[in-house]
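S.K.: Read off the chains here:
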Amino acid sequence: MITLLALFFACAPKAPPAPAVVEAAPAPVDLLGPRPEVGPEVPFALPTPEATRLSNGAGVWVVPAPALPLVTVTLSVPGGASVDAAGKEGTAAIGDRLLTQGAGKLDARAFAAAVEELGVQLDVETGRAASTITMSFTKDKMGPALDLLADMVLRPKLTAVDFAREKGILVSDLRMGQDEPVAVAAKVAWVQWFGAGHPYSRSPDGTVKGMEAVTFKDAKAYHKLAWNAAGATFTAAGAITKDEIATALESRLGKPWKAGQAAVVKLPPVPAHTAESGGTPIVLVDKPGSSQTMFYLVFDGPAFGDPALAPVKSGTVVLGGTFTSRLNGLLREKKAYTYGVRAGVQALPGAGVRTITTRIRTDVTAEAMTDLLGELTAIRAGVTPEEVTKARAAYRQDLVEAMESRSGMAGTFAPYHRAGLDVGALAVELGAMQAVTPEQVKPAMAAYDPAKAVIVLVGDKAVIQAPLAKAGFDKIVVVEPL
Amino acid sequence: MLLLLALPAFAQDIPFERYDLPNGLQVILHEDHSLPQVVVDIWYQVGSKDEVAGRSGFAHLFEHLMFMGTDRLPGSGFDQVMEAYGGSNNAWTMEDATNYFEVGPPNLLSTFLWMEADRMEALGKAMTDDKLKIQRGVVQNERRQSYEDEPYGVAWLEVPALLYPAGHPYAHTVIGTHEDLEAASLQDVKDFFSTWYVPNNASLVVAGDFDSAAVKPLIEKYFGHIASRPLPARPSPAVVTAPQKARVDVTDQVQFPQVNLFWHTPASYAQGDAELQLVASLLGEGESSRLYEALVVGGLAQEVAVLQSPTQLGSAFIVSATAMEGVTPDRLEAAIMKEIGALAKQPPTAPEMARLKNQFEYGFLSGLESLLQRATQLNEYDAYTGSPDYLAKDLARFRGATAEGLASATATWLKPELVGRVVVRPETPETK
Chain D
0 MITLLALFFA CAPKAPPAPA VVEAAPAPVD LLGPRPEVGP EVPFALPTPE ATRLSNGAGV
60 WVVPAPALPL VTVTLSVPGG ASVDAAGKEG TAAIGDRLLT QGAGKLDARA FAAAVEELGV
120 QLDVETGRAA STITMSFTKD KMGPALDLLA DMVLRPKLTA VDFAREKGIL VSDLRMGQDE
180 PVAVAAKVAW VQWFGAGHPY SRSPDGTVKG MEAVTFKDAK AYHKLAWNAA GATFTAAGAI
240 TKDEIATALE SRLGKPWKAG QAAVVKLPPV PAHTAESGGT PIVLVDKPGS SQTMFYLVFD
300 GPAFGDPALA PVKSGTVVLG GTFTSRLNGL LREKKAYTYG VRAGVQALPG AGVRTITTRI
360 RTDVTAEAMT DLLGELTAIR AGVTPEEVTK ARAAYRQDLV EAMESRSGMA GTFAPYHRAG
420 LDVGALAVEL GAMQAVTPEQ VKPAMAAYDP AKAVIVLVGD KAVIQAPLAK AGFDKIVVVE
480 PL
Chain F
0 MLLLLALPAF AQDIPFERYD LPNGLQVILH EDHSLPQVVV DIWYQVGSKD EVAGRSGFAH
60 LFEHLMFMGT DRLPGSGFDQ VMEAYGGSNN AWTMEDATNY FEVGPPNLLS TFLWMEADRM
120 EALGKAMTDD KLKIQRGVVQ NERRQSYEDE PYGVAWLEVP ALLYPAGHPY AHTVIGTHED
180 LEAASLQDVK DFFSTWYVPN NASLVVAGDF DSAAVKPLIE KYFGHIASRP LPARPSPAVV
240 TAPQKARVDV TDQVQFPQVN LFWHTPASYA QGDAELQLVA SLLGEGESSR LYEALVVGGL
300 AQEVAVLQSP TQLGSAFIVS ATAMEGVTPD RLEAAIMKEI GALAKQPPTA PEMARLKNQF
360 EYGFLSGLES LLQRATQLNE YDAYTGSPDY LAKDLARFRG ATAEGLASAT ATWLKPELVG
420 RVVVRPETPE TK
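Respectively, the protein sequence lines represent chains D and F. Counting with numbering that gives the first Met the number 0, you get residues 0 to 481 for the letters of the first sequence. Counting with numbering that gives the first Met the number 0, you get residues 0 to 431 for the letters of the second sequence.
For the record, the hints were derived by calculation from the structure and aren't laboratory data. Backbone N, C-alpha and C define an ideal beta-carbon position, used for all residues, glycine too. It is possible that some hints are incorrect.
What the hints assert, rightly or not - 27 angstroms max Cα-Cα, derived BS3-like pairs, lysine-lysine:
{"no.": "1", "chain 1": "D", "residue 1": "Lys333", "chain 2": "F", "residue 2": "Lys124"}
{"no.": "2", "chain 1": "F", "residue 1": "Lys414", "chain 2": "F", "residue 2": "Lys344"}
{"no.": "3", "chain 1": "D", "residue 1": "Lys254", "chain 2": "D", "residue 2": "Lys138"}
{"no.": "4", "chain 1": "F", "residue 1": "Lys132", "chain 2": "D", "residue 2": "Lys333"}
{"no.": "5", "chain 1": "D", "residue 1": "Lys241", "chain 2": "D", "residue 2": "Lys254"}
{"no.": "6", "chain 1": "F", "residue 1": "Lys189", "chain 2": "D", "residue 2": "Lys333"}
{"no.": "7", "chain 1": "F", "residue 1": "Lys414", "chain 2": "F", "residue 2": "Lys337"}
{"no.": "8", "chain 1": "F", "residue 1": "Lys130", "chain 2": "D", "residue 2": "Lys333"}
{"no.": "9", "chain 1": "D", "residue 1": "Lys138", "chain 2": "F", "residue 2": "Lys132"}
As the list claims (entries may be wrong) - Here's a subset of chain D near chain F, in silico, CB distances under 7 angstroms, partners left out:
{"no.": "10", "residue": "Val37"}
{"no.": "11", "residue": "Val41"}
{"no.": "12", "residue": "Leu45"}
{"no.": "13", "residue": "Thr47"}
{"no.": "14", "residue": "Ser289"}
{"no.": "15", "residue": "Ser290"}
{"no.": "16", "residue": "Phe322"}
{"no.": "17", "residue": "Thr323"}
{"no.": "18", "residue": "Arg358"}
{"no.": "19", "residue": "Ala392"}
{"no.": "20", "residue": "Ser404"}
One chain only, chain D, in its complex shape (with noise of 0.2 angstroms):
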């Protein structure tokens, strides 16, 4: 190699006298060396929730967490938007949302001051198929949040008063809710897929219309329904132990709280999303002066426990789960039309969906729809190894960091109690996501398909309807934000 430099450089022009003995200049040293190797993996033990029971039937799961003196206690009844009567889309929203205006002795401003005065940490949740109430408190404040935790299910005011003043708040947030993007998109969505009438098809925040018809006795009648013991799930994380908990519930909740029926309510089946030949229908709510397109694309997605869940979520990961998932690779780095896409997968009792989501400029959303279904085509035809590898990574690590707060926890394990699952259905799952492979991954994208899809835009009509019939998206529905 050294004589053949000297060829060189004697040879090369404008070159200075070649000395005796020519050396090749040493190559720079690169000081900071090679990528590093990345070494086996560190085990990860997911903790197992100790369960029992209270008198009246409601399951208890306790994750012991006593590092910091701090306690998170769910509670879920079955129920949420689900058993929303057709046309009062709203009532479990704000049947719920009454639970905390007043309770036991105490009006809805005294409670308001009781709760926050013990500092603790109060949210209840509608969702579409169960209605929660979480708490976080410190350790020496678990008696007295317990306490009001047992008022508000048990013994909660529901005035005419109080139930006048939050319809009214909530009308006036559902009506701003018109105005997000993302809102409008997941509402209209929804409906689009299951139909409506069907249970799941109901926001669990209801709508304009239906919040709007919802009467003081219809709120009342969901506490009724839905907020008995059958069916109730208890799930706690923190410096508890199981008797500890158990002990502090069922003088509370336990005896006190009886069993009546579960509100579970039957599910249709869904629609058949078939496209006619001759194009991909598209259902768009006008939002003039639009800088930005929503994209809301719904697909059949496995239900809550369902086996088949674990290749779905391992392929929505690749196709839009992080950073360099297939959309944000193409969408955002390669041809910058947004800011980010998101896939994911919504698993409920009996049914799911699987939805994409992104904001894409609105002068070329007629060219990421076309790239969008593209990439819908490309993975259809399977996904590459390292690419479930990434996938299994991620689901393992997004575990790890959710058992790093006692919130995560409980909120973690919370969903799978509320299914009836065991208490070893999450590291079941964990296990079966850490065995996906590619090939179970291919059969599982296959409902990526735009023919079976529900595709929902919110965006300028004037400006983006033209450039999607040029494109082939001329089936085009308007229909106005619920």
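Start from chain D and add chain F according to the hints.
M.R.: Below, chain F alone, put in the same frame as chain D:
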């Protein structure tokens, strides 16, 4: 009445070891073996306040460019490598600093460190116009999504100029204008990198499940060879105490008017900052807070939020309330000012102080749960107070706050004549 906390001793400290490399890189190590995960958190002392005229948004745009690859790890390699093993990353830019972090399993720690060192040393020479063009587009999409198409988002674009005189480091938004983002050049990127992305302008926190003795040689190996450079002198603008305008009116595609009130308040960690954080909580945290009761329960507002937003050259105290239908912005503002005026004259009650104490205690303890939050907190303490060893003092400033102190801070800083307003009204055919 004092705010007395009864926290366990172990919860009042984030154990750490701090040292500097010869090139000025500050290193903070925080071991925690409770879960198999690590965090690398690197804090560069450069933010939007360091942008030159005509380049608003540049510090944040640069943050995006930090993920665009180097010669050693080109393309999207930074993300690809870590995601392959369960790592994730992100970053955020504010007025005073830019913070990058990675979270993942312990076997990725040396990779995280190597990749951060690689881009600290070599990002600039691998920069291209194409990379700049892509990330400029992504950032402009972020601006559209977060401000332009977000209901009431346009209000926040008005705030810097409302509060600060032209030329002040805080007189423009972190996100920047489209015009300035378009003007950013490749040379700007290279200059910004060589000026600010140097080890003597950075602080590295390693947190989680690792062995300090094993990681120190790695840090020395990866970062020790990176040359330091003198940092430019930073301006020391005069403290601003009054808004530049009393009011800015904007319209947006919204249903109800919104009133946003702003006051200049003491800088982060300066005297009065803690009291004003507690005042914000007293006024706006939870349904028993004074403004929630007066405005939301009182039927004037749909929602209300109150915040003491701390920054290095001076903070802002913010009250934001969205009106119920039929309520005018003036009426809403009058109701807000009435509550603030009352607090300025009469200290909070004992039950209110008990509420603040317990809310603070829960918030403080729950904040210690997240490894990433602890790592970031160590860097923030160091950046703002000169030492990561500040947790006990931080607690003390909240512990020491009194009811009288809260009233006094309100009277001193939240004067009616010093408020600036951004009022958002629903767009009408005439205002479009």
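S.K.: Are the hints correct? Go through all of them and say.
M.R.: Hints, one by one, checked against the model:
no.: 1; hint: D/Lys333 - F/Lys124; verdict: holds (21 angstroms)
no.: 2; hint: F/Lys414 - F/Lys344; verdict: holds (12 angstroms)
no.: 3; hint: D/Lys254 - D/Lys138; verdict: holds (23 angstroms)
no.: 4; hint: F/Lys132 - D/Lys333; verdict: holds (10 angstroms)
no.: 5; hint: D/Lys241 - D/Lys254; verdict: holds (18 angstroms)
no.: 6; hint: F/Lys189 - D/Lys333; verdict: holds (22 angstroms)
no.: 7; hint: F/Lys414 - F/Lys337; verdict: holds (11 angstroms)
no.: 8; hint: F/Lys130 - D/Lys333; verdict: holds (10 angstroms)
no.: 9; hint: D/Lys138 - F/Lys132; verdict: violated (52 angstroms)
no.: 10; hint: Val37; verdict: holds (5 angstroms)
no.: 11; hint: Val41; verdict: holds (4 angstroms)
no.: 12; hint: Leu45; verdict: violated (11 angstroms)
no.: 13; hint: Thr47; verdict: violated (16 angstroms)
no.: 14; hint: Ser289; verdict: holds (6 angstroms)
no.: 15; hint: Ser290; verdict: holds (4 angstroms)
no.: 16; hint: Phe322; verdict: holds (5 angstroms)
no.: 17; hint: Thr323; verdict: holds (5 angstroms)
no.: 18; hint: Arg358; verdict: holds (5 angstroms)
no.: 19; hint: Ala392; verdict: holds (3 angstroms)
no.: 20; hint: Ser404; verdict: holds (4 angstroms)
Of the numbered hints listed earlier, those contradicted by the structure are 9, 12, 13.
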